[in-house]
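Engineer: Given the coordinates of chain A, assemble chain B onto it according to the supplied hints.
Which chain is which? The protein sequence lines are A and B, in order.
Numbered per this note's numbering, the first sequence spans residues 1 to 370.
Numbered per this note's numbering, the second sequence spans residues 1001 to 1206.
One or more hints might be untrue.
Derived PhoX-like pairs: lysine-lysine, alpha-carbon spacing no greater than 20 Å straight-line [claimed, not checked]:
| no. | chain 1 | residue 1 | chain 2 | residue 2 |
| --- | --- | --- | --- | --- |
| 1 | A | Lys37 | A | Lys205 |
| 2 | A | Lys54 | B | Lys1105 |
| 3 | A | Lys54 | B | Lys1087 |
| 4 | B | Lys1105 | B | Lys1184 |
| 5 | A | Lys291 | A | Lys236 |
| 6 | B | Lys1075 | B | Lys1087 |
Worth flagging that the hints you see were computed from the coordinates, not collected in a lab.
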Amino acid sequence: MPEATFLDATELVINMGPQHPSTHGVLRVILKLDGEKVNGTECVIGYLHRGVEKIGENRTYQQFAPYVDRMDYVAAVSNGLGYCLAIEKLLNVEAPPRAQAVRVILTELNRIASHLLWLGTHALDIGAITPVFYCLREREEVLKIFENYCGARLTTHAFRIGGLQYEPYDGFEEEVKKFCDWFIPKVDEYEELLTNNRIWVGRLKGVGILSADECKEYGVTGPVLRAAGVAFDLRKAQPYSGYEQYDFEIPTAENGDTYDRYTVRMEEMRQSTRILRQAVDRIPSGPIMGKVPKVVKPPVGEAYVSIEAPKGELGYFIVSDNSTQPYRMRVRPPSFVNLQALDRMVRGGLVADVVAIIGTLDIVLGEVDR
Amino acid sequence: MADEQNPEGSAAPPPAPKPAAPKPAPAAHAAPPKPPAVMVTTPWESDITQLLKDRFGAEITEFSTYLAQNFLVAKPETVIPILETLKLELDFDYLVDVTAVDYPKRAERFDVVYILYSYARNERMRVKTMIPDGYSPATAVTVHLAANWLEREVFDMFGIQFAGHPNMRRILLPEEWQGYPLRKDYGILQQDEGWVRENLGIESGQ
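Excised from the complex, chain A in its bound form (with noise of 0.2 Å):
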């Protein structure tokens, strides 16, 4: 008998990122495989880390908003939303209606930007090139709506504490409408081409599953959360910024798997643009900033506040010491929470599926590394 040689080895580990495409940006899994079948994987993460909170404790409360549209790079206004919602209750203010109204629209307009990017490099590493052109097309529309409303197309800082640093343009209420009325006909364009293709339903069906329980187990929030069978939403579940008043579903799927989580973000593009719908129409007349000091010194105390982000729950913990710049500023990032679940996921299944679940945990390494 010979001796036993590295061929008699099953188990094979390799690398995978950081400098690797369907890692969306630096992440490294390292996988344990057993041929083509996953037996296990370690995240490394940090390589974006900047040190977002620390910088947090030595900025004052305005000076930090704009370091956190870095953090989530294509949610940006989502995270500044949560930002200064999270001030306002230290200081336990309330921006102005008309402030509110427009968030949302902005809020809303940021999350079918979000999910279009998601929808259209998720498809790329699915194998199907089309999608992310027609994706970047629509993104681009809403971009420039951004770009018209603050001069910035990305990291926006489109809120200020207390409310909105500009009016909205002349002309906004229409784009915005003129923009979800060309946007419909454009998801249908997005599901005709694969929601029922072939090669795509056998890449994402029963791909990936996390049922309810394990969502809730690992603290997975977001889309993942929906398409596990959950209708949790912090626009319904908790309000903010008047979202009870407007009329919309929670879209939700039922097995967890990978299409499942496909279905309910189209869903909720077609959900958001009948948010901006609503809120366009109704967009009050009245002041746009509260009655917030230059200076900003919220009383001693502390305060989580948490919205829901296109990724999931996003929450900003704050303690104040009634200084200018805040004690401890924590941020609990949704894909930092949601790429935990990563190894569950992909336990048992095969290589090729772990890049279909890395899309789409829909994960930003910019919010994971912070």
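Structural biologist: For chain B alone, coordinates are given in the frame of chain A:
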């Protein structure tokens, strides 16, 4: 400056705004009232607090509400049984976040904060505990799997070791990194120069 005032003073009975110094006569033109230096909380009472009081008694030192957000402060040894009771009997089945706050001037240096949510009740609460430097609180992974990475991040940033954690290593910073950046005595420009020189081949990351 405000650091010295212990912003977290609410666990102890809030000291009177002006301790018994020789009382100045109330001035006719009083200055505008200064915001109090401690968190102004109101007591929190509900079926949750009732059950927890019956179960844990003096182990929980405070039930409070601030800005309509409920929290309790418990002794470090009882945090895990409390989380377990909350999860199994009161439906707080979603661990939103685990984090810490550093108060270097306090004897119990760190606050460890667990943020919980209940899908069934649509309610949020926080469980807080105070631990001295070097103390190892028990891990919450035995109750919520979500605590795994969250506690690793707390360790990475504050150097709080969670006892019984399956994988107590740094998560965001490199494993050989020295120091814990979110401690208050770690400067904003400070970094592990040795690591930077050795691994990045540059003099300084600044």
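Engineer: Does Lys1087 (chain B) lie within 20 Å of Lys54 (chain A) when you go C-alpha to C-alpha?
Structural biologist: The given pair, whose Cα atoms are some 32 Å apart, is violated under the 20 Å limit.
Engineer: Can the restraint linking Lys1105 (chain B) and Lys1184 (chain B) be considered satisfied, given a maximum Cα separation of 20 Å?
Structural biologist: holds (10 Å)
Engineer: Holds or violated: are the alpha carbons of Lys54 (chain A) and Lys1105 (chain B) at most 20 Å from each other?
Structural biologist: At roughly 19 Å apart (the allowed maximum being 20 Å), Lys1105 (chain B) and Lys54 (chain A) satisfy the hint.
Engineer: Next pair to validate is Lys37 (chain A) with Lys205 (chain A); report whether the Cα-Cα distance is within 20 Å.
Structural biologist: Since the Cα atoms of Lys37 (chain A) and Lys205 (chain A) sit roughly 17 Å apart, the hinted pair holds (cutoff 20 Å).
Engineer: Hinted pair, alpha-carbon criterion (20 Å max): Lys291 (chain A), Lys236 (chain A). Please report holds or violated.
Structural biologist: violated (27 Å)
Engineer: Within 20 Å, alpha carbon to alpha carbon, are Lys1075 (chain B) and Lys1087 (chain B)?
Structural biologist: holds (18 Å)
Hint violations for this structure: numbers 3, 5, all remaining hints satisfied.
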